[in-house]
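Novice: Residues per chain, in single letters:
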Amino acid sequence: MAEVLVVVENGVKKVTLEMLTIARGLGDVSAVVFGEADTAKLGEYGASKVYAASGDDVDGYLVAPKAAVLADLVREKQPAAVLLASTQEGKEIAGRLAVKLDNGLLTDAVEVAADGTATQVVFAGSGIVKSKVTRGLPIVTIRPNSVTPSPSPVDAAVSSIEVNVADSDKLTKVVERVVEQKGSRPELTEAGIVVSGGRGVGNADNFKLVEELADLLGGAVGASRAAVDSGFYPHQFQVGQTGKTVSPQLYVALGISGAIQHRAGMQTSKTIVAVNKDAEAPIFELADYGVVGDLFKVVPQAADEIRKRK
Amino acid sequence: MNIVVLVKQVPDSGAERTLSPSDNTVERASANNVINEMDEYAIEEALKIKEEHGGEVTVLTMGPAGATESIRKALSMGPDKAVHISDDALHGSCAVATSKVLAEALKTLNADLIIAGAESTDGRVQVMPHMLAERLGIAALTGARKLTVDGSQLTVERQTDEGYEVVTAATPAVVSVWDTINEPRYPSFKGIMAAKKKPVQALALADLGISSDEVGTAGATSAVVEFSKRPPRSAGTKVTDEGDGGAQLVAYLATEKFV
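Residue numbers (numbering that gives the first Met the number 0), protein chains in the order written: chain Z, 0 to 309; chain F, 0 to 258.
Keep in mind the hints are simulated off the structure, nothing from the lab.
You can trust all of the hints, since none of them are fake.
Some chain F residues judged to face chain Z by a derived CB distance under 10 Å, without partners named:
hint : residue
1    : Ala94
2    : Ala117
3    : Val155
4    : Ala172
5    : Trp177
6    : Gly218
7    : Phe226
8    : Ser233
9    : Thr236
As the structure is a prediction and not an experimental result, all values here were calculated from the model.
Where is the CB? At the ideal position from N, CA and C, for every residue including glycine.
With the sequences and hints as input, model every part of the structure.
Specialist: Written as structure tokens, this is what we have:
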């Protein structure tokens, strides 16, 4: 069986394990690691080879060097497919790789069949598309929370790969990486539970209520565009058409009306619950369980109830 | 500074969207077609830079004849002129082919700075700025929530999941912007009237030296093999809080094994 390359950036995340799980259905799995990664974990999920690329030429510049390293590797190994995470950076690397190889690419796949056909959820979660790359090998980016990762332990053989990066790939320098908010909460797109607040939360200070419920449930915090535009919560937590797309097991919408802009980012969630004082809010049309009421009464009571049960 | 803004016409994301049953391309004929929302932020950023540093702003669009409407709307915000690449053979072009066409057009425009929205609301693929940078051999600074221009030096705060990255490059470069970067202006009445007289240059494939089999459905590097509607979600239980709404909510979460 041919190799399948799984691109690992910024450490092993949940989506990495999902990619490894999908890749096992396509061929022999090799991980390509940029920077540091837990190679034992990669082996545990079926990567029999790990190609490691590191150094300033990879880290110090935006995206382009990674695509250059990958293109060289693809030319050398002739893999059956390349999988990347459907993150901003994953997609950008995929785009450059596709141009370098004059090859097709598919983004935001939630499933990849053995023949390389990818399933994508499109148009704000209203349609499902099956697509194929018709020129070259399948280059596919995988959306987080698409499959349940399953282990398949092998010993991962690690080898360093040479990084040959041209000056033309070093045009955009990364001067600084700033971590603004990093708590113990899971990453938004990877979280199994997401608790989001909307305009109804009222102000930035009240978002503590949203955070409290998220922490009690072990979930991530999200926000609607209305809440972000009003300055209640930072943009990187925005869920919706112009923000992140999430697909958790449980989505809790607090004070969110459920405009199409928001639904676009969350309606493939497995279970949706909502609290809103407006009984006619569109969010109730898609909620599995809805409470019509004042979130400032309902949420603290729910929080107390969860504490009691713990 | 010579600035080119990439503007895409897309079906309104607030309405129902679908693929055309005949060839599985985005259905545009029956859709309400509008400027891709994120592109309005790109236009605003270009205008702000022009106001501060001087220069010229050109809108570049690839799209069918009907995209003229979005081009005029874009021009009404204040750009100086537009270039519209339109050719029947482009129908069904994939991202790879689209980047080839846009790159060839950009070569004729000698831009110092190319600004795009971070993604379009129809495809949400996010690859075009880097594809163009790759083809043109210039820098890409993508996902900007802040852009600073100092002579030929560009500094961008790039939004990331954890916070942001500060990235720098010299012009010429491609920058893509998120909707956090500014607040787009509304076209004034004067702007709307002026837009009708602004030059819109038409380009066909032949003008760019690209043959029709490199683009469109014929030259696509990927294809949709099947499209289906996802069944809409249906409403579940709805209760009205009468003092125990929070407890009821948690009881539901418990039956679903979330607590």
